[in-house]
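In case you want the letters, here they are:
2 protein chains.
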Amino acid sequence: MKKPISSSDKIVIFGAGLVGTLLGILLAKRGFKIEIHEKRPDLRHKIYSSLRSINLALSHRGWRSLALAGLEEKVKEMAIPMPGRVIHDTQGIEKYFAYGKDGQAIYSVSRSRLNCLLLDEAENLPNLKIYFESKVEKFAFDKSVAYVADVEGLRQRIEADAFIGSDGAFSAMRYEMMREDRFYYEQHYIEHGYKEFTIHPGKDGKWALNPNGLHIWPRKSFMMIALPNQDFTFTATLFFPFEGEKSFKKIQNPDQIKSLFSDEFPDFMEIVPDYVQQYHQHPDASLVTIRCAPWNNKNFLLIGDAAHAVVPFYGQGMISGFEDCRLLMEKLDNNPKSWSELFADFYSFRNKDADAIAELALDNFIEMRDLVASPDFQLEKRIEKEIVEAGVADWIPLYTMVTFTDLPYSEARKRGLEQAIILRQIRESSNWSSLSDAEFRLKVLEKWNTMQFRTPEGIS
Amino acid sequence: MKKPISSSDKIVIFGAGLVGTLLGILLAKRGFKIEIHEKRPDLRHKIYSSLRSINLALSHRGWRSLALAGLEEKVKEMAIPMPGRVIHDTQGIEKYFAYGKDGQAIYSVSRSRLNCLLLDEAENLPNLKIYFESKVEKFAFDKSVAYVADVEGLRQRIEADAFIGSDGAFSAMRYEMMREDRFYYEQHYIEHGYKEFTIHPGKDGKWALNPNGLHIWPRKSFMMIALPNQDFTFTATLFFPFEGEKSFKKIQNPDQIKSLFSDEFPDFMEIVPDYVQQYHQHPDASLVTIRCAPWNNKNFLLIGDAAHAVVPFYGQGMISGFEDCRLLMEKLDNNPKSWSELFADFYSFRNKDADAIAELALDNFIEMRDLVASPDFQLEKRIEKEIVEAGVADWIPLYTMVTFTDLPYSEARKRGLEQAIILRQIRESSNWSSLSDAEFRLKVLEKWNTMQFRTPEGIS
Numbered sequence: 003m004k005k006p007i008s009s010s011d012k013i014v015i016f017g018a019g020l021v022g023t024l025l026g027i028l029l030a031k032r033g034f035k036i037e038i039h040e041k042r043p044d045l046r047h048k049i050y051s052s053l054r055s056i057n058l059a060l061s062h063r064g065w066r067s068l069a070l071a072g073l074e075e076k077v078k079e080m081a082i083p084m085p086g087r088v089i090h091d092t093q094g095i096e097k098y099f100a101y102g103k104d105g106q107a108i109y110s111v112s113r114s115r116l117n118c119l120l121l122d123e124a125e126n127l128p129n130l131k132i133y134f135e136s137k138v139e140k141f142a143f144d145k146s147v148a149y150v151a152d153v154e155g156l157r158q159r160i161e162a163d164a165f166i167g168s169d170g171a172f173s174a175m176r177y178e179m180m181r182e183d184r185f186y187y188e189q190h191y192i193e194h195g196y197k198e199f200t201i202h203p204g205k206d207g208k209w210a211l212n213p214n215g216l217h218i219w220p221r222k223s224f225m226m227i228a229l230p231n232q233d234f235t236f237t238a239t240l241f242f243p244f245e246g247e248k249s250f251k252k253i254q255n256p257d258q259i260k261s262l263f264s265d266e267f268p269d270f271m272e273i274v275p276d277y278v279q280q281y282h283q284h285p286d287a288s289l290v291t292i293r294c295a296p297w298n299n300k301n302f303l304l305i306g307d308a309a310h311a312v313v314p315f316y317g318q319g320m321i322s323g324f325e326d327c328r329l330l331m332e333k334l335d336n337n338p339k340s341w342s343e344l345f346a347d348f349y350s351f352r353n354k355d356a357d358a359i360a361e362l363a364l365d366n367f368i369e370m371r372d373l374v375a376s377p378d379f380q381l382e383k384r385i386e387k388e389i390v391e392a393g394v395a396d397w398i399p400l401y402t403m404v405t406f407t408d409l410p411y412s413e414a415r416k417r418g419l420e421q422a423i424i425l426r427q428i429r430e431s432s433n434w435s436s437l438s439d440a441e442f443r444l445k446v447l448e449k450w451n452t453m454q455f456r457t458p459e460g461i462s
Numbered sequence: 003m004k005k006p007i008s009s010s011d012k013i014v015i016f017g018a019g020l021v022g023t024l025l026g027i028l029l030a031k032r033g034f035k036i037e038i039h040e041k042r043p044d045l046r047h048k049i050y051s052s053l054r055s056i057n058l059a060l061s062h063r064g065w066r067s068l069a070l071a072g073l074e075e076k077v078k079e080m081a082i083p084m085p086g087r088v089i090h091d092t093q094g095i096e097k098y099f100a101y102g103k104d105g106q107a108i109y110s111v112s113r114s115r116l117n118c119l120l121l122d123e124a125e126n127l128p129n130l131k132i133y134f135e136s137k138v139e140k141f142a143f144d145k146s147v148a149y150v151a152d153v154e155g156l157r158q159r160i161e162a163d164a165f166i167g168s169d170g171a172f173s174a175m176r177y178e179m180m181r182e183d184r185f186y187y188e189q190h191y192i193e194h195g196y197k198e199f200t201i202h203p204g205k206d207g208k209w210a211l212n213p214n215g216l217h218i219w220p221r222k223s224f225m226m227i228a229l230p231n232q233d234f235t236f237t238a239t240l241f242f243p244f245e246g247e248k249s250f251k252k253i254q255n256p257d258q259i260k261s262l263f264s265d266e267f268p269d270f271m272e273i274v275p276d277y278v279q280q281y282h283q284h285p286d287a288s289l290v291t292i293r294c295a296p297w298n299n300k301n302f303l304l305i306g307d308a309a310h311a312v313v314p315f316y317g318q319g320m321i322s323g324f325e326d327c328r329l330l331m332e333k334l335d336n337n338p339k340s341w342s343e344l345f346a347d348f349y350s351f352r353n354k355d356a357d358a359i360a361e362l363a364l365d366n367f368i369e370m371r372d373l374v375a376s377p378d379f380q381l382e383k384r385i386e387k388e389i390v391e392a393g394v395a396d397w398i399p400l401y402t403m404v405t406f407t408d409l410p411y412s413e414a415r416k417r418g419l420e421q422a423i424i425l426r427q428i429r430e431s432s433n434w435s436s437l438s439d440a441e442f443r444l445k446v447l448e449k450w451n452t453m454q455f456r457t458p459e460g461i462s
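Chains A and B, in that order, are what the protein sequence lines are.
Quick note, the numbering used here runs 2 ahead of the 1-based positions in the first sequence.
Quick note, the numbering used here runs 2 ahead of the 1-based positions in the second sequence.
Treat the hints with caution; some may be incorrect.
Copies of the same chain look alike in the list, so a pair counts if it fits in one copy or across any two.
[Stated by the list, open to error] Below, simulated DSSO-like cross-link-like pairs (lysine-lysine); rule was C-alpha separation at most 27 Å, straight line:
no., residue 1, residue 2
1, Lys208, Lys387
2, Lys41, Lys140
3, Lys5, Lys251
4, Lys41, Lys145
5, Lys208, Lys333
6, Lys76, Lys300
7, Lys300, Lys252
Hints in this document: simulated from the structure, not taken from any laboratory.
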């Protein structure tokens with residue numbers, strides 16, 4: 003069980019989704035013998051039209067992991083940069099807010115196209131084999147054995163040096179671990195679900211909205227977002243309560259739907275004339291946060307959503323899984339004594355960051371659907387911009403730390419909370435209306451200087 | 003699915019443990035056709051010597067449910083009353099604290115003997131049949147069907163009007179519900195485990211300690227308890243951290259065990275001379291809290307530990323399951339329209355009480371292992387006793403509400419929290435040392451009168 007890691011080791015990965023396939027590529031490139039078992043059929047032969055696949059917003063951490071696999075350039079070709087948010091109010095008026103500095107953007111990518119690319123790349127590697135419609139049924143953690151079954155139900159015993167479960171939020175490996183003693187587990191669905199809409203191209207055959215932005219219709223208790231696709235469509239997603247006054251449960255007939263959209267999304271109605279039909283045809287889907295501990299059990303490891311599924315509001319779900327892959331490779335470079343030691347070490351090192359991104363993602367839903375439209379929030383963002391531009395401190399906005407740096411999520415969250423306190427203190431310390439840009443800047447710096455004595459530990 | 007409840011309905015119960023068997027009896031007495039499927043062999047033919055079965059402390063709510071089944075008297079014959087706690091300090095000195103008023107006691111009962119009695123009673127009913135070694139494998143919630151398999155793996159399809167999962171903390175029905183959309187689930191192991199010891203009879207062949215008490219050796223971060231058995235033994239349980247300075251992990255060799263017991267449990271060592279051997283032979287077991295929501299899915303219901311497993315420190319684990327049974331019968335008396343309506347109603351009505359007893363049980367561990375030995379705690383108990391005896395208010399001590407009344411756990415917890423604040427305020431408002439009993443009483447009443455203006459809402 004504790005034998006040293008050797009380059010001839012066999013590693014079995016469960017799940018040929020985005021994270022599992024990338025991990026397979028990274029491990030295969032180091033010479034290990036890789037088998038990936040995926041319970042579904044090959045995605046490339048049969049595109050699932052589940053209509054339940056919030057678009058990906060790829061950002062820094064994601065690119066770094068793709069670069070490690072040598073795939074950054076290929077993926078960039080299928081990506082549309084979104085350097086900022088475009089906020090739509092109930093009058094249909096748009097406001098643009100850059101995400102970061104010039105050149106900083108998140109990228110809209112099709113989840114299934116990226117998965118197909120990764121599968122193609124993976125299958126080009128001689129020491130990597132993918133088995134589709136191969137469902138894992140049972141694990142023997144003590145024996146380093148798993149049992150998989152094919153579509154006919156024929157069971158096969160697999161021995162390997164290590165097993166990694168990247169089989170998603172409903173991971174079979176995790177369900178087995180859950181029955182082991184002292185395994186902490188929690189699945190928590192939020193009160194909102196989501197429903198997808200397609201925004202078709204406009205009359206000129208091009209995008210009906212500015213493609214270089216993530217569009218948000220924030221409505222306090224709910225919101226719509228839209229991300230561009232390369233075929234000139236957008237994928238829009240309505241995040242909406244399951245129950246209550248305005249909810250999937252209450253809004254069902256065409257009149258109710260029309261009334262909701264004309265009150266809340268008048269500009270959206272115009273570019274999506276079949277919104278009533280889409281509302282009816284597309285399913286409501288739920289959103290879950292999954293926390294568990296530990297992720298490792300002897301030579302078995304959970305990774306990505308299988309270990310830490312988060313809500314999609316920070317665009318870090320898959321990306322945190324991609325980052326898991328990179329960090330696992332870095333740990334592997336430190337010559338761990340055995341797979342079980344590597345997995346235990348990876349878990350202890352990484353779990354606080356998974357907890358942090360789960361919280362950040364829940365918080366960002368409130369920011370996106372509510373705060374983003376509030377004058378106080380916008381004022382604080384403007385104050386923050388001045389602080390950053392003045393370069394007066396080692397200050398990085400929270401969104402930037404999460405999206406455009408590699409800082410551990412837990413550190414980003416800690417610093418973000420500290421910075422939020424300071425921003426609120428500065429905002430509340432004065433009246434900011436009717437100031438010129440120059441006066442505003444001067445006042446921020448002045449306040450900042452007096453604040454130095456009141457800043458929490460860790461911010462200098 | 004929504005057909006009315008009829009007395010000829012068939013109800014299938016999973017689990018022939020304490021709760022499932024009692025529920026079977028109660029439902030069978032109302033004329034329903036009952037099948038109980040239990041995955042283990044018949045307990046009565048083969049006593050499981052798992053050594054992992056904290057004794058039962060039966061109290062009011064438990065007796066009420068047993069009375070409903072006409073079994074109160076029979077069970078009382080196998081029960082030993084424990085009217086108070088006996089606290090052992092590190093010098094081996096004992097102090098006795100009554101649990102309630104005269105005549106109020108909790109009762110030590112053997113879990114397996116009680117289960118055997120219930121199984122015998124159940125099998126005497128003509129419309130109740132128990133199938134042992136019948137393991138449920140799959141559920142079809144939509145079709146009101148379950149699939150069970152016998153020891154040979156032969157699968158059988160069972161149709162019924164209702165299905166109730168009383169299959170314990172690791173409920174198979176709950177694992178299936180967990181895969182349904184929007185099911186909340188959490189399993190949380192505490193950092194302490196437990197290990198059982200047997201205290202053999204003394205030289206005179208009788209109990210080595212006073213049998214009319216629940217013995218506690220509180221040691222702040224851990225504790226030992228002991229409950230009497232009718233065969234003149236006691237079952238003792240060490241609740242001890244799994245990890246850390248003093249823990250199951252650290253204390254392993256005979257010297258370490260001896261040193262622990264001579265420092266902490268000198269009087270226990272004397273009456274359990276083979277404590278080192280028992281420490282080695284008896285397993286460490288873990289303690290879990292399980293919360294989930296909802297407990298119902300169409301004609302399927304979770305009950306007892308399957309719905310809400312709690313840690314054992316309030317002695318309310320099985321008892322809350324017994325109370326579930328009684329409350330379900332009361333709901334059934336209200337002529338619900340269908341089983342699914344009954345189950346939905348039962349869940350909405352009962353879940354806050356399950357949450358409350360889970361918290362109360364966790365809190366009571368701290369009380370038992372730590373507070374109980376603190377002078378402040380003992381002083382507050384004495385103040386509380388004066389308040390109760392003076393009858394100045396509608397005041398019932400928390401332990402009494404939980405143990406000797408039927409108040410919903412959630413209400414008991416709320417009132418208990420409010421009362422705790424008042425007790426602390428009274429204690430902190432004065433110096434209580436060197437007062438005679440009469441002076442003490444007078445001062446409590448005086449403080450109580452001034453407190454009237456500061457009491458939280460809900461206490462008058």
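Right, here's what the structure says about each hint:
1. For a Cα distance limit of 27 Å, the shortest separation of Lys208 from Lys387 qualifies neither inside one copy, at 33 Å, nor across copies, at 80 Å.
2. Taking the shortest alpha-carbon separations for Lys41 and Lys140, both the intra-copy value of 13 Å and the inter-copy value of 20 Å come in at or below 27 Å.
3. Proximity of Lys5 and Lys251 under a CA criterion of 27 Å is satisfied inter-copy only: 24 Å between copies versus 56 Å inside one chain copy.
4. Proximity of Lys41 to Lys145 under the C-alpha cut-off of 27 Å is found in both arrangements, the shortest distances being 23 Å within a copy and 26 Å between copies.
5. Proximity of Lys208 to Lys333 under the C-alpha cut-off of 27 Å is found in neither arrangement, the shortest distances being 46 Å within a copy and 61 Å between copies.
6. Taking CA atoms no more than 27 Å apart as the test, Lys76 paired with Lys300 passes in neither setting, with 36 Å inside one copy and 49 Å between copies.
7. When the C-alpha separation of Lys300 and Lys252 is checked against a cutoff of 27 Å, the pair qualifies only between copies, where the shortest distance is 21 Å, while the shortest distance within a copy is 49 Å.
Checked against the numbered hints above, the structure breaks hints 1, 5, 6 and satisfies the rest.
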